[in-house]
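These protein sequence lines map, in sequence, to chains A and B. Heads up, the first sequence is in the UniProt record's numbering, so the first residue is 1 and it goes up one at a time. Heads up, the second sequence is in the UniProt record's numbering, so the first residue is 1 and it goes up one at a time.
Derived by calculation from the structure, the hints in this document are not laboratory data. Owing to the predicted nature of the structure, the values given are computational and were not obtained by experimental measurement. Hints may be right or wrong, so weigh each one.
According to the in silico footprint, chain A covers these stretches of chain B (three or more CB under 8 angstroms from chain A) [as the list claims (entries may be wrong)]: (1) 43 to 50; (2) 55 to 65; (3) 169 to 176; (4) 197 to 205; (5) 213 to 222; (6) 258 to 269.
Cut-off 20 angstroms, straight-line C-alpha distance, at most; resulting in silico cross-link-like pairs (PhoX-like, lysine-lysine) [said to hold, decoys possible]: (7) 256/B to 233/A; (8) 233/A to 132/A; (9) 7/B to 132/A.
Ideal Cβ positions, reconstructed from N, Cα and C, are used throughout, including at glycine.
Listed below, chain by chain, are the residues.
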Amino acid sequence: MARSAREASGETQTRPARKTISQPGPDTRGWFRRIVIGVPFFWLFALFLVPFLIVFKISLSEVVTAMPPYQPTFGSIAGWWSALKEFSFDNYRWIAGDPLYFNSYVLSLGIAAASTVLTLLLAYPLAYGISKASPAWRTSLVMLVILPFWTSFLIRVYAWIAILKPEGLLNQLLLWLRVIDQPLVILNTPTAIFIGIVYSYLPFMILPIYASLERMDQSLIEAAADLGATPFKTFWTVTFPLSLPGVIAGCFLVFIPATGEFVIPDLLGGSRTLMIGKTVWLEFFTNRDWPVASAVTVVLVIILVLPIVLFQRVQARAQ
Amino acid sequence: MRQGLSKINVVGLVVGFSFLYLPIVLLVIFSFNASRLVTVWAGFSTVWYRQLWHNQALLDAAWVTLRVGLISASVATLLGTMAALALSRYPRFFGRTLMTGMVYAPLVMPEVITGLSLLLLFVALDLNRGFVTITLAHISFTMCFVTVVVQSRLMSFDRSLEDAAMDLGATPTVTFFQVTLPLIWPAVAAGWMLAFTLSLDDLVIASFTTGPGATTLPMKIYSQVRLGVTPEINAVCTILIAIVSTGVIVATLINKRRLILQARDERLAAAG
């Protein structure tokens, strides 16, 4: 393999060829390798992992009216040691004691799970339809799916307010069609959150499903049809099982971020539907209780660790 | 074997795409509404667009957002491409599993968690919060998206070209710039665009990590949306949508043209 590749590139790549083979020492190689691995590793470590440890640390401190509004703060090693003795699990006891937080977690998981199912129901026919289209159409259709994904999340959620309001466009249409004689109350209810999540996360579900449908060996479907399976049976016994990796990846891509979603419940869900992302936001910005906000976040991370690890497994297997 | 679309397929496509596009289309239409009410049509007008030019706070926010986006996307592309190289070219190194985790976890991590944890880091470091901290935060969460995009390209191309360059005596650095980068650059460019739009779009992480004096456009839009829907916001949103869609469509067309030219060259080379 090496020889044919050498011949192939020898015609175009004249510059590296001038150097002698003995030139590239292992030192140069190690240098490149060290930078390529080290720099991003250090960055992610310092700005992704370390912050989590800080969140955990602050969740064990208590709130004070100062800046930063928590105690103990620690500057030195000695400070760390003396602070260690002041750590308490009071914030966690507080969270466990107040049903508001428990309800908020359960509500978030429930809404995320239900909207994941709804997103799947809408996304699958779409992904399936795209994979059946002619190759020329397919590229354009995939692009049509990706385009809203590039436009602002906030804008897309905002667009729904004008539609779902009591005097909004949906109610106007339904009243005009005489389907209803009184405006429906949709905005500021869980229904509006479902619509918002399904709408915003739809591309995350369509793309992995489409990718696995497109990779599928078409001759398997032909074989099933030749052997007398009805189109419906072919779909359930051949197509759907083969597209499962995409379905699973899509479900994780929707479920995990939806659980901690803030913008959608805040703009569409009103004040009564308190999802956990909004609880963190309120604790942090309104109550200015950083330790409790941190403790709520730590519990959320613990809840989401399992789905995140599973998601990474699925991703690693796909590579 | 049946080829093409059945009726069920067509219905699925039409329903799905209407759902995806109708809200955006309505938003754009009502940005040209003469009335202050966003849901009652009162004739065509561009008055809201003209008003935007006099809204200094909004223009300032747009300028902050643009600078954060340009800087963070560029640094994120650099770091993300490095991480992609590390994960796809070095199958064994100390901390590889941890690095894979740190790349994939932020993709799905709720923004509230990322935002809060980064803010607490900046407070612990006693950094002045504002432009710099937003940029640092955006680099951190967008670089992982760049990594995924570039990594998938690195996985799919012919490794023997790199081996050949190395065999001929090129250092890893020369190999990367002369062989690898020209082959992966569409993915690098796509990664940059993704990082840029994610940065333009972000409300939650920016809200946590900002300080006095640095307000981004999404934060401005959000604070106005909380007060109610106005045609002015529709106009801002329409401009943003127009910019992003044009960028994506142009990029796709360039990429497509490149692929066509490449395929033609390969055919000619094979024939010659």
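Here is what the structure says about each hint:
1. Counting residues of the segment 43 to 50 of chain B whose beta-carbon sits less than 8 angstroms from any beta-carbon of chain A gives 0, not enough to reach three: the coverage restraint is violated.
2. Requiring three or more residues with a Cβ within less than 8 angstroms of a Cβ of chain A, the coverage given for the segment 55 to 65 of chain B is violated, as only 0 such residues are present.
3. For the segment 169 to 176 of chain B, the stated coverage by chain A is satisfied: 8 residues place a CB nearer than 8 angstroms to a CB of that chain, which reaches the threshold of 3.
4. Only residues whose C-beta sits within less than 8 angstroms of a C-beta in chain A count toward coverage, and the segment 197 to 205 of chain B has 5 of them, enough to reach three; the restraint holds.
5. Given a C-beta distance limit of less than 8 angstroms, the hint that chain A covers the segment 213 to 222 of chain B holds, as 3 residues qualify and 3 suffice.
6. Residues of the segment 258 to 269 of chain B with a Cβ under 8 angstroms from some Cβ of chain A number 0, which does not satisfy the need for three, so the listed coverage is violated.
7. For the proposed pair residue 256/B and residue 233/A, the alpha carbon gap of about 37 angstroms is over 20 angstroms, so the pair is violated.
8. The suggested pairing of residue 233/A with residue 132/A holds, with an alpha-carbon distance near 17 angstroms, which does not exceed 20 angstroms.
9. With a C-alpha separation of about 12 angstroms, the suggested pair residue 7/B and residue 132/A falls inside the 20 angstroms cut-off, and the hint holds.
Of the numbered hints given earlier, the model fails hints 1, 2, 6, 7; all others are met.
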